[in-house]
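With these hints in hand, go ahead and build the complete structure from the sequences.
Protein chains in written order, with our numbering: chain A, 1 to 158; chain B, 1 to 771.
Check each hint, because a few of them may be wrong.
[Unchecked claim] Listed next, the in silico DMTMM-like pairs over lysine to aspartate or glutamate satisfying Cα-Cα at most 25 Å (straight line):
#	chain 1	residue 1	chain 2	residue 2
1	A	LYS83	B	ASP500
2	B	LYS505	A	GLU97
3	A	LYS4	A	GLU74
4	A	LYS4	B	GLU77
5	B	LYS758	B	GLU543
6	A	LYS83	B	GLU47
7	B	LYS501	A	GLU97
[Stated by the list, open to error] Not the full set, but computed from the structure, chain B residues with beta-carbon under 8 Å of chain A:
#	residue
8	THR30
9	ARG31
10	THR43
11	TYR44
12	THR170
13	VAL185
14	PRO200
15	PRO203
16	ILE249
17	GLY250
18	GLY251
19	ARG666
These are computed hints drawn from the structure, not numbers from a lab.
Nothing here was measured: the structure is a model prediction, and the numbers come from that model.
Cβ coordinates follow ideal geometry from the N, Cα and C atoms, glycine included.
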Amino acid sequence: MSNKIDITLNVNGRPEALQLEPRVTLLDALREQLGLNGTKKGCDQGQCGACTVHIDGERVLACLTLAAQVEGREVTTIEGLSKPGQKAHPVQAAFLEQDAFQCGYCTPGQIMSAVSCIREGHAGSDEEIREYMSGNLCRCGAYPHIVAAVRQAAEAVQ
Amino acid sequence: MSAAEATRRYGDSSDSSSTASGSVIGASVTRFDGSAKIRGAATYALEHRPANVAHAVLVPSTIAAGRVRSIGTAMAEAAPGVLKVLTPDNAPTLKAASDWLGNPPARPDYQPLTAEIAYAGQYIALVIAETFEQATQATHLLDIVYEEADAVSGLRDVAEGGGFLAEPMTREWGDAQAAFASAPVQIEQEYEMPREFQMPIEPNGLIAEWQGDKLTIWEPCQWLDGMARTYSEWFGIPFENVRIISPYIGGGFGSKAFCGPHDAIGAMAAKMLGRPVKLALTRPQIFSSIGGRAATRQTIAIGATKEGKLLSIVHTGASETSINETWVEPLGVVTALMYATPNLSSHQRVVRVNTVMPGAKRAPGENPSAFGIESAIDELAYEIGMDPLEIRLRNYAEEDPHTRKPWSTRQLREAFAAGAEAFGWSRRKPEPRSMRDGHHLIGWGVAAGTYPVRRAAGEARVRLLADGTVEVSSSTIDMGQGAYTVIAQTAAEVFGLPLDKVAVKLGDSSLPRAGVTGGSRMAGVMTSAVHKTAVALREQLVELALTHPASPFRALQANTLTVADGRISSPLADGAVISIGSFLAAIGKTEIDATRDTFAEIGIDPKDSYKNYTTIAMAPPPTAGDFSLHSWCAHFIEVRVDEDFGTVRVSRAVSAFDSGRLYNPRLAASQIKGGIIMGIGQALLEEGLVDGRHARLMNANLADYLIPTNADIPDIEVISVGIPDPHASALGGKGVGELGIVGVAPAIANAVFHATGKRIRDLPITLDKLI
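Below, the structure written as structure tokens:
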């Protein structure tokens with residue numbers, strides 16, 4: 001299969017015209033074609049959460065989403081959460097302050113999930129945060145600090 | 001001593017000295033590389049995009065033993081975008097590389113793609129195409145015919161044969177057998193651990209690009225110089241012709257320290273194609289082709305007095321290795337170290353099975369060893385009716401029981417005290433099944449852990465620039481343990497500069513050399529090297545300020561000058577105060593720099609530089625010299641076991657640890673907690689399930705091989721009880737990274753016994769074993 005299709009993705013508020021095979025995932029389109037490497041490939045089978053992005057404001061796994069599926073919808077990646085040189089998003093700042101990561105590879109996905117977790121109203125208690133952040137694996141074991149960061153950011157946002 | 005006192009007295013020892021002097025070593029600054037990581041701006045090795053890169057996907061064997069009779073490639077080669085298909089029929093033969101100790105290979109040649117199969121998951125073909133999607137699809141178009149032979153699936157396979165003795169692992173003193181036979185109290189049990197996997201979230205892989213006989217590799221890599229040596233030997237090119245670039249590593253835990261077959265195949269493909277090739281392993285491929293922790297079993301017999309004093313330990317163990325290569329998971333290392341015993345015997349066998357060669361997973365050896373001895377000592381405590389904490393103190397080793405050398409520092413007693421206080425151990429009811437909350441049985445368990453101090457020589461370059469900034473460079477790497485941060489702190493302190501005036505360049509083998517980032521040694525090696533280099537450069541700066549004709553300090557006729565807060569001044573406060581940058585400008589220099597190594601400090605001949613950085617053969621053992629050097633920890637764990645369903649949850653964890661002086665307590669605490677969390681996974685979740693019929697891993701993905709999720713982990717309290725250890729490193733720190741996991745699994749197993757009265761001796765502790 002090599003028939004390419006023309007699509008336009010709206011990524012971080014910018015239209016991006018792409019020519020790609022219909023089987024290309026959103027994750028590979030972001031990383032390989034748009035050079036947006038902040039969205040990470042961890043397992044490529046929907047198990048680790050490292051590729052979490054927002055589609056129309058909701059968290060979605062980019063590895064289980066075809067790029068062609070999201071044409072006409074708002075895609076937000078970690079790069080779109082705060083612009084370079086500008087103040088970090090409150091969730092990003094809380095992750096840094098709480099040391100909520102070590103290697104940093106799962107971190108963009110964790111942060112995108114955390115933004116959603118707060119927006120969904122699922123940051124009411126530590127227990128709730130743990131539950132609603134459990135789709136994002138962190139092998140370095142930063143979980144207690146991730147909970148602290150989400151708690152801090154939730155308070156800052158309110 | 002209360003936990004709060006312990007924290008004040010020990011945990012802040014590094015902090016308080018910093019506060020007093022205004023220095024930054026020991027300060028809990030945030031992660032130096034953190035801003036890039038929270039913004040998705042940290043570019044990991046596999047995210048590099050050379051022009052004209054081709055994409056490669058590997059094909060693993062589905063049989064574990066036998067041979068590939070044929071691989072039909074016509075359909076794959078005809079598929080759109082496919083550039084080449086490599087199989088055993090057309091893959092070139094490389095030169096074999098020496099091992100991690102520098103021992104020459106047994107055979108001269110190396111065929112990374114071969115028809116002879118020794119494990120399921122062994123690579124038998126590579127498809128290279130213009131796109132990742134095209135390569136992936138074409139892997140399904142190969143016509144592979146196998147001749148399957150009988151395989152040995154693991155340690156529980158009746159055909160395993162008993163293996164061979166790993167002689168260097170033997171430890172003997174006294175007459176252990178006789179002392180056990182005559183001991184008033186005897187316990188003897190077998191402990192088992194399954195195959196486990198490191199599973200960092202960033203996949204293994206590489207991008208290889210050739211220019212003539214020069215090879216550039218972008219690869220997540222824990223050991224640039226070691227892997228560069230392997231590549232150079234494989235392809236018969238000079239070491240200097242290989243450059244590895246690895247700016248950030250998305251987790252390693254031992255899985256990214258050595259080259260694997262995929263590296264040889266990927267670099268070979270790039271050479272044959274004459275264009276850059278990217279090859280990333282899929283998650284299932286990582287499970288089957290990157291060696292994890294070997295499955296192990298060990299028998300421990302303890303003879304003791306009725307008062308709980310050890311008389312003898314008789315220990316035998318076995319670990320699995322692959323058919324063609326030997327990896328030893330040393331099971332006796334903690335057994336022969338933790339407790340004072342007048343008699344000990346420890347032997348280990350290694351068993352060949354059809355698996356990829358196992359590898360290093362966080363605390364190889366210490367981790368399973370501690371599961372055995374820290375479970376067994378707990379069994380002894382119940383046998384004689386003694387508190388599990390008390391029995392550990394009663395048998396406290398006041399010196400290294402094997403070498404009889406004094407410990408350099410051993411704050412384990414302090415760790416027990418501080419941990420017990422913070423946990424509330426004194427409120428524990430001793431009888432199993434005596435504490436409950438509704439239908440949750442509650443259990444409290446304790447276990448100790450240890451990890452050796454691995455010293456090594458390192459090297460660094462430090463530059464002072466005219467803009468008043470300082471730059472440190474080294475080919476060491478940061479995989480989340482905090483190299484960027486502690487190196488920046490060290491340089492900042494020497495020049496009295498704020499951290500934002502420091503730049504750190506790591507992860508490029510063209511920079512000053514570094515050995516492996518493994519064995520919890522990076523921080524000790526690199527802070528020593530960077531400190532030495534920065535001090536030398538500071539002295540060079542002072543010398544210039546005193547003697548350079550254009551220096552504003554020359555007229556002072558002073559013996560020395562003060563360098564602090566980024567400025568140079570006279571200690572008598574009688575001269576100019578001038579910033580380092582302005583001074584360099586005044587004497588007409590754009591920069592000054594120094595490069596130093598720590599060979600003399602470690603006692604290594606600089607002639608052995610290449611061997612020092614590209615093998616682990618030069619690293620002195622923890623007992624070299626007059627002392628025995630180790631980190632120590634004590635874990636206190638509470639579990640809740642659902643009486644009806646047998647589900648186990650860790651509900652509280654308190655760990656006190658002695659890693660000597662902490663260069664950054666915030667980062668050290670994170671690493672210790674990370675180790676504890678991986679230990680919770682090991683105790684309750686992680687198990688490589690092997691199909692006994694075909695010796696094939698059945699759960700090679702992250703939904704079936706369970707690692708802890710956020711919801712599995714409670715709040716964890718860690719307490720530093722370390723004191724600076726001048727024998728361990730120049731700045732007084734001992735190892736951190738691996739220590740935290742050691743002892744967690746037995747602490748949980750001990751807590752489960754306290755909760756339920758059931759002793760689980762084979763990990764993980766799953767509900768089927770409890771109901």
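Here is what the structure says about each hint:
1. The suggested pairing of LYS83/A with ASP500/B holds, with an alpha-carbon distance near 20 Å, which does not exceed 25 Å.
2. Our distance criterion of 25 Å between C-alpha atoms is met by LYS505/B and GLU97/A, whose separation comes to about 23 Å.
3. For the hint linking LYS4/A to GLU74/A, the alpha-carbon distance of about 22 Å falls within 25 Å, and the restraint holds.
4. A distance of roughly 20 Å separates the Cα atoms of LYS4/A and GLU77/B; the hinted pair therefore holds under the 25 Å criterion.
5. Pair hint LYS758/B plus GLU543/B does not hold up; C-alpha atoms about 70 Å apart against a cutoff of 25 Å.
6. The hinted pair formed by LYS83/A and GLU47/B meets the criterion: a straight-line CA distance of about 20 Å does not exceed 25 Å.
7. Between LYS501/B and GLU97/A, the direct Cα distance comes to roughly 20 Å. Compliance with the 25 Å bound is thereby established for this hinted pair.
8. Taken as an interface hint, THR30/B checks out: its beta carbon lies about 5 Å from the nearest beta carbon of chain A, inside 8 Å.
9. Below 8 Å, beta-carbon pairs count as interface contacts, and ARG31/B has one with chain A at about 6 Å; its hint therefore holds.
10. A hinted interface residue such as THR43/B counts as satisfied when its beta carbon comes closer than 8 Å to some beta carbon of chain A; here the least separation is about 6 Å, so the hint holds.
11. At its closest, the beta carbon of TYR44/B sits 7 Å from a beta carbon of chain A; the interface hint therefore holds under the 8 Å criterion.
12. For the restraint placing THR170/B at the interface with chain A, the shortest Cβ-Cβ distance is roughly 35 Å, beyond the 8 Å limit, so the hint is violated.
13. Because the beta carbon of VAL185/B sits about 38 Å from the nearest beta carbon in chain A, more than 8 Å, this interface hint is broken.
14. Interface hint status for PRO200/B: upheld, as the beta-carbon distance to the closest one in chain A is roughly 5 Å, under 8 Å.
15. At about 7 Å, the closest approach between the beta carbon of PRO203/B and any beta carbon in chain A falls short of 8 Å, and the interface hint on this residue holds.
16. Annotation: interface hint on ILE249/B holds; nearest CB of chain A at approximately 6 Å, less than 8 Å.
17. Interface restraint check: GLY250/B against chain A, minimum CB-CB distance 3 Å, threshold 8 Å, status holds.
18. The beta carbon of GLY251/B is positioned within 8 Å of a beta carbon in chain A (closest approach about 4 Å), and the interface hint is therefore held.
19. Using the Cβ-Cβ criterion of 8 Å, the hint placing ARG666/B at the interface with chain A is satisfied: the shortest such distance is roughly 5 Å.
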